[in-house]
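Hey, can you work out the whole structure from these sequences and the hints?
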Amino acid sequence: MKLSTFGQKNLTKKIATALIGVSVVIGATTAAAAAMKPSSEDVKKYLRPMEVPQGKNNISTPERVELGKVLFFDPRLSGSNFISCATCHNPALGWSDAQPTAVGHGMQILERSTPTILNTAYQRFQFWDGRARTLEDQATGPIEAGGEMAQPIDELVPELEAIPDYVAMFEAAYPGEGVSKETIGKAIAVFERTVVSTDSDFDRWLKGVNGVMSKEALRGFEVFKGKANCVACHDGFNFSDNGFHNIGLKDMEDPGRFAIKPIKVLKGAFKTPTLRDVALTAPYMHNGAYATLEEVIDHYNAGGFENAGTLSPNMKPLKLSKKEKRDLVEFLKALTGDPMEVAVPQLPVN
Amino acid sequence: MLSKKLTTMGLVALFMSATASAGDHTIAQNSKSFKLNGSQVEEYTIKAGETIHFKNEDPFFHNIFSLSDLKTFDLGSYPAGESKSVTFDTPGEAEIECAIHPEMYLLLTVE
Ligand SMILES: [Cu+2]
Chain A
1 MKLSTFGQKN LTKKIATALI GVSVVIGATT AAAAAMKPSS EDVKKYLRPM EVPQGKNNIS
61 TPERVELGKV LFFDPRLSGS NFISCATCHN PALGWSDAQP TAVGHGMQIL ERSTPTILNT
121 AYQRFQFWDG RARTLEDQAT GPIEAGGEMA QPIDELVPEL EAIPDYVAMF EAAYPGEGVS
181 KETIGKAIAV FERTVVSTDS DFDRWLKGVN GVMSKEALRG FEVFKGKANC VACHDGFNFS
241 DNGFHNIGLK DMEDPGRFAI KPIKVLKGAF KTPTLRDVAL TAPYMHNGAY ATLEEVIDHY
301 NAGGFENAGT LSPNMKPLKL SKKEKRDLVE FLKALTGDPM EVAVPQLPVN
Chain B
351 MLSKKLTTMG LVALFMSATA SAGDHTIAQN SKSFKLNGSQ VEEYTIKAGE TIHFKNEDPF
411 FHNIFSLSDL KTFDLGSYPA GESKSVTFDT PGEAEIECAI HPEMYLLLTV E
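Chain order of the listed sequences is A and B. Mind the numbering: the first sequence is residues 1 to 350 in this note's numbering, read in order. Mind the numbering: the second sequence is residues 351 to 461 in this note's numbering, read in order.
Just so you know, these hints were derived from the structure itself, not from any lab. The structure presented is a predicted model; accordingly, all values stated were derived computationally and were not measured. Careful: at least some of the hints might be erroneous.
[Said to hold, decoys possible] What follows is a set of in silico ranges between Cβ atoms, one per label pair, in the way DEER data are often shown: (1) B:Thr440 x A:Ile109: 29 to 35 angstroms; (2) B:Thr440 x A:Lys45: 38 to 44 angstroms; (3) A:Glu111 x B:Lys385: 37 to 43 angstroms; (4) B:Ser435 x A:Gly226: 53 to 59 angstroms; (5) B:Thr459 x A:Thr198: 43 to 49 angstroms.
[Unchecked claim] With the Cβ distance kept under 8 angstroms, some of the chain B side facing chain A (calculated, not the full set): (6) Ser381; (7) Lys382; (8) Phe410; (9) Phe411; (10) Asn413; (11) Phe415; (12) Asp424; (13) Gly426; (14) Ser427; (15) Glu453; (16) Leu457.
No residue lacks a Cβ here, since even glycine has one placed at the ideal position from N, Cα and C.
Printed below as a string of structure tokens:
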């Protein structure tokens with residue numbers, strides 16, 4: 001093992017030397033500050049894991065994925081029979097809704113924005129304030145929530161039981177367990193665990209493919225890890241520390257995590273969201289405060305607003321140049337995975 | 351190579367025991383977990399009257415709090431290199447956490 005890593009390192013060095021040679025020949029004048037090749041530390045930290053965590057007592061089977069997907073897309077899960085999970089977590093919009101904050105039952109405008117469900121399988125806490133631990137726990141919440149789907153589960157169960165094809169699907173997925181709040185939650189969770197990142201240019205670069213990351217994006221990665229210290233919170237392959245921070249958004253009344261754990265540092269603190277596919281999920285932040293990635297970077301560059309209360313001490317003015325700000329945006333865009341093929345399922349009708 | 355590492359570790363341990371007074375324990379906050387001499391700890395036992403120093407070894411802020419019946423405290427947040435201490439005077443159990451990184455969890459038994 002030692003030998004092969006050594007060999008690989010040597011090879012990397014050789015390729016790097018060759019590349020430098022090439023760029024000199026082409027006549028590149030400025031030596032880019034950013035490394036052309038990922039360091040072994042980068043690879044270890046940011047490479048996409050091949051395995052997706054499984055739910056406790058709820059392993060993935062094709063029958064469960066299929067049932068969960070059908071439930072996810074079925075508007076009959078809502079009181080109005082008009083809103084499905086996919087209405088807000090729309091695969092065509094990065095599994096979100098392109099709204100500053102969500103629009104729910106009866107077109108109510110909700111307080112918080114719809115997060116993507118991408119890579120929620122890897123999250124240790126669900127919701128902006130982390131109030132649910134597992135996807136199984138989370139899944140039936142929005143069905144019953146008055147503002148979201150407004151459908152009491154004890155009315156939903158007989159509705160689904162009246163559709164024989166559904167009953168058969170539940171039986172195939174969870175033999176003997178029937179249609180229940182539990183099996184609905186479990187099936188949806190299994191489906192959600194299939195919604196994970198595909199390869200982005202950043203991943204291809206980590207795997208050693210040349211020329212996929214632009215110069216700008218490579219420099220942006222250096223700023224991200226260095227001067228801007230985004231990695232204090234957005235770390236690891238999913239770019240989240242599973243932590244809660246107040247990043248100093250303006251005019252905040254939402255107590256965030258503080259409502260769950262009344263500890264001072266958690267006032268106005270929210271979960272660090274993933275940055276994978278982030279270019280697809282504008283507007284940004286739990287309250288949809290920013291319309292573009294450029295605005296997000298300006299926020300961080302200013303260091304956040306103190307008036308928000310308990311601003312995270314990891315937030316401070318960054319003094320980024322115009323170029324560094326642009327490079328950061330290019331890096332974030334390089335985290336967009338290849339488009340996912342999502343076939344919208346035919347829902348059971350009888 | 352390995353033996354060198356071990357000797358260094360030994361020296362560090364010696365140094366630590368020399369500076370900390372009897373009945374003191376140092377638990378590190380490292381890579382978003384609680385660590386004792388480099389390995390993760392989730393359960394730990396001390397004697398009544400003893401003190402734990404929580405030392406932040408990560409390049410970002412950590413917090414320490416407990417809302418347990420035994421002792422309720424919130425030591426705020428503090429940066430790399432700093433440590434905060436708590437003394438436990440009465441026997442019982444306390445769940446100790448970092449509010450910023452809730453995966454950091456330690457079940458402390460005071461005997
Ligand atoms: Cu922490």
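Against the structure, the hints:
| no. | hint | result |
| --- | --- | --- |
| 1 | B:Thr440 x A:Ile109: 29 to 35 angstroms | violated, 50 angstroms |
| 2 | B:Thr440 x A:Lys45: 38 to 44 angstroms | holds, 42 angstroms |
| 3 | A:Glu111 x B:Lys385: 37 to 43 angstroms | holds, 38 angstroms |
| 4 | B:Ser435 x A:Gly226: 53 to 59 angstroms | violated, 33 angstroms |
| 5 | B:Thr459 x A:Thr198: 43 to 49 angstroms | holds, 46 angstroms |
| 6 | Ser381 | violated, 10 angstroms |
| 7 | Lys382 | holds, 7 angstroms |
| 8 | Phe410 | holds, 4 angstroms |
| 9 | Phe411 | holds, 5 angstroms |
| 10 | Asn413 | holds, 5 angstroms |
| 11 | Phe415 | holds, 5 angstroms |
| 12 | Asp424 | holds, 5 angstroms |
| 13 | Gly426 | holds, 7 angstroms |
| 14 | Ser427 | holds, 5 angstroms |
| 15 | Glu453 | holds, 6 angstroms |
| 16 | Leu457 | violated, 17 angstroms |
The structure does not agree with the numbered hints 1, 4, 6, 16 stated previously, though it agrees with the rest.
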